[in-house]
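There are 2 protein chains.
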Amino acid sequence: MQRTSLATLTASEAAQKMRGGLVTSEELVQDCLERIRATEPIVHAWQFLDEEHAIRQARAADERHRSGVAVGALNGIPVGIKDIIDTGDMPTENGTVLHKGRMPPADAAVVAKLRAAGAVIMGKTVTTECAYFNPGKTRNPHNPEHTPGGSSSGSAAAVAAQMVPLALGSQTAGSVIRPGAFCGDYAFKPTHGLIPRNGVLTLSRTLDHIGIFARSLDDLALVAEELVGYDDNDPDTRPRAHMPFCEVLDEEPPLAPMFAFIKTPHWDRVDADAKEAYAELIEALGDRVEEVDLLLSAGDAWDIQRTIMEAEMASNLAPLWDAGKDKLSERLRGLMERGRETRAFDYQRALKSVPPMIAGFEELFTERYDAILTPPALGTAPKGLGATGDPVFCVLWTLLGMPAVTLPLMRGANGLPLGVQMVGRRNFDARLLRTARWLEKKLA
Amino acid sequence: MQRTSLATLTASEAAQKMRGGLVTSEELVQDCLERIRATEPIVHAWQFLDEEHAIRQARAADERHRSGVAVGALNGIPVGIKDIIDTGDMPTENGTVLHKGRMPPADAAVVAKLRAAGAVIMGKTVTTECAYFNPGKTRNPHNPEHTPGGSSSGSAAAVAAQMVPLALGSQTAGSVIRPGAFCGDYAFKPTHGLIPRNGVLTLSRTLDHIGIFARSLDDLALVAEELVGYDDNDPDTRPRAHMPFCEVLDEEPPLAPMFAFIKTPHWDRVDADAKEAYAELIEALGDRVEEVDLLLSAGDAWDIQRTIMEAEMASNLAPLWDAGKDKLSERLRGLMERGRETRAFDYQRALKSVPPMIAGFEELFTERYDAILTPPALGTAPKGLGATGDPVFCVLWTLLGMPAVTLPLMRGANGLPLGVQMVGRRNFDARLLRTARWLEKKLA
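Protein chains in written order, with my numbering: chain A, 160 to 603; chain B, 160 to 603.
Hints listed in this document are in silico derivations from the structure and should not be mistaken for laboratory results.
Owing to the predicted nature of the structure, the values given are computational and were not obtained by experimental measurement.
Incorrect hints may have been included.
The list treats identical chains as one, so a pair stands whether inside a single copy or across any two.
[To be verified] Keeping only pairs whose Cα atoms sit at most 25 Å apart, straight-line, the calculated DMTMM-like set for lysine to aspartate or glutamate is:
#1 K511 to D481
#2 K422 to E521
#3 K486 to D505
#4 K511 to E496
#5 K486 to D452
#6 K422 to E439
Construct the entire structure; sequences and hints are all you get.
Here it is as structure tokens:
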């Protein structure tokens, strides 16, 4: 009988086995590489992968373990890194030919944090062009004729295909939660400003978030605990007390959580089978869920997010425009053309409309609800590879910087994964994961 | 022989006498009020003043002193407050008829800090219209046919006229240093982000600074030490260690300071008598000063400041525009019209050009110089009350958020005060005042 590949383990399981001396990082990484060799020709999740370099990192992790020094929580665990996140030892091409072969000067803050925790930086995962909508080569591991979603396409697919237990992505509209849901991952986008973004391609300071892909809530907590923190070079981070994600996740909620189910003004566009699945979910939750109307003021959120994204991306990606705008996709060029014409007056008005909306949702949480339940997308991953699906069910929570997680708890009529998105109160991220675990158990 | 009015004392002198039990706050405030009665009909420094309310505050301060409780460093000292800074107990009209009789909901952060330090909030001083260029009624105490400068016209004039020893103002282009110099005050605009601005009319988050008017360096340090601090409601403040302004000011610099004299591209416009005066100053400093060319990249600073100011003021003052733009001056309306048409692309480019300029000046300080010497204005206060003078010699330092102080060390050919502006390294504000004291002694 063939032994089970270590690539099927979650990061938490693998870390535990390594601590117990039952497996080594090298064995784990070898199994992951084997899995990659087998599935990459179909999935195309990787933009850069140097097997030898990964194995050397694994051996170093094993050596740290054997030497008896205290090792980090991710010692020897392989992590895929979206190719807009700088790595000092691997190219970072940002999904554009204009950055072909680009070697960053240093690790992004999050990569440095992963390395400090002992992780093996496995390689770079495919991103859409500049983390916007033009797809890369990645396919959905559940059905290669379907999109994996984007822009963190390779990260979402690599975790789902069991090529790595963990991967990092980023979200400016819906680029973590949507591909996470399409690929059947656990995916988590913490509160804006919790995870430092220096060394990551900036699309929009206002909207950019780092996100995590994994195959369990434990793993999301494990990584989040390492990545959250103040960094002088990300002006949106703040010094704050350590967030004990893993500890909080293991607690029982003091009371059964109360959920607000929010359909948003875009519910009509949700697929019929998904609507049915959510109806069943609501029924299963009984008196623990109530349908809540979106605050009226939040109805403009989609326009506001677009105004901010267009204006800030046009500015932040101007060096690419100058270097060769004819090398950009029409999609991206169109966005930048619109962004270059946006008035500062409208842009600032958009920025100013955000805090009152945040305050409105704060009330929701302080008054009655532990989390918002809402779809992560219009349904399962759409067929076709020419687009990455619609981020419409992520945009509001990205704009407001609220923590969001998607759990692969259901399936669509086509058998593809259907996620459940939960959105929490800003800066109560660990509690959101705890509530998510309650939901997961409840529906198990 | 008539006794000398207590209104002639600096705040530090008055505070010392009060601590020694030689005078009371009520006596001090009465003398200030007497001085106001005598000079206000010419100077017109005050927008709101309630004598009884001031006296009641003074009595409360005296009562605190007598009771033996620990009192703040400004206990019983009267302070004038520019009328764009909210006071919960007095109207704040922002220099526009559209806010006539406006009662703010609470004290601005700086007013709360002054009260916590025991200060008597004397009244509200005249501001230009919305702290922009359209003059109020104030005249220069040294010659009422000349402008006091603006926009902190009343604060600058009230301190110069010995109506109060201290006053607060604000600077978005040159609204503290310029009127301070025109009126012969000591005036100080600390590093951007050191003094919280919540509760102050926002013109431009990027450019707005709180500033202090006084009649000595000791007094500037005394007030700065109370006002600098983190505030959750001003996103540009940061938690940081206490800045011991008074202690540092009393130290001898370890080495005689080295000054960089910077003429800027606008030197040609400086008045002939002022040019002569600065030439004498340079000569007096001998080998402690060198003329330094402005970094090339800083040559655009004036355009950049205008782009930011126009765009942000158009956005921040939009409620006034909507409420009645025909009630705004043509000057302000023109600014807002331009600001409403500014492209977000140009606005963001302007914002992004600031950090590299700051870095350029950092080098100047780390390599060789303790402070920059430069004029605070084109010369003495111009004749006429229809304009408040040109902020051209303040704009660069406001844009870069560098600390600036003006000292009334010289006189123009017309006998009016001529200031010396010194600009320091960001966040080394106390050291700038210490260097200023060295200069003051050197030239005494």
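Consistency of the hints with the structure:
Taking the shortest Cα distances, K511 and D481 sit within 25 Å of each other only across copies (16 Å), while inside one copy they are farther apart (30 Å). Within a single copy, K422 and E521 get their C-alpha atoms as close as 18 Å, which meets the 25 Å cut-off; across copies the closest is 52 Å, which misses it. For the homomeric pair K486 and D505, the shortest alpha-carbon distance between copies (23 Å) is at most 25 Å, but the shortest distance inside one copy (29 Å) is not. Within a single copy, K511 and E496 get their C-alpha atoms as close as 23 Å, and across copies as close as 20 Å, so both meet the 25 Å cut-off.
For the identical chains of this complex, K486 and D452 are neighbours neither inside a copy (44 Å) nor across copies (41 Å), given an alpha-carbon limit of 25 Å. Proximity of K422 to E439 under the C-alpha cut-off of 25 Å is restricted to the intra-copy arrangement: shortest distance 15 Å within a copy versus 74 Å between copies.
Hint 5 alone, counting from the list given before, is not met by this structure.
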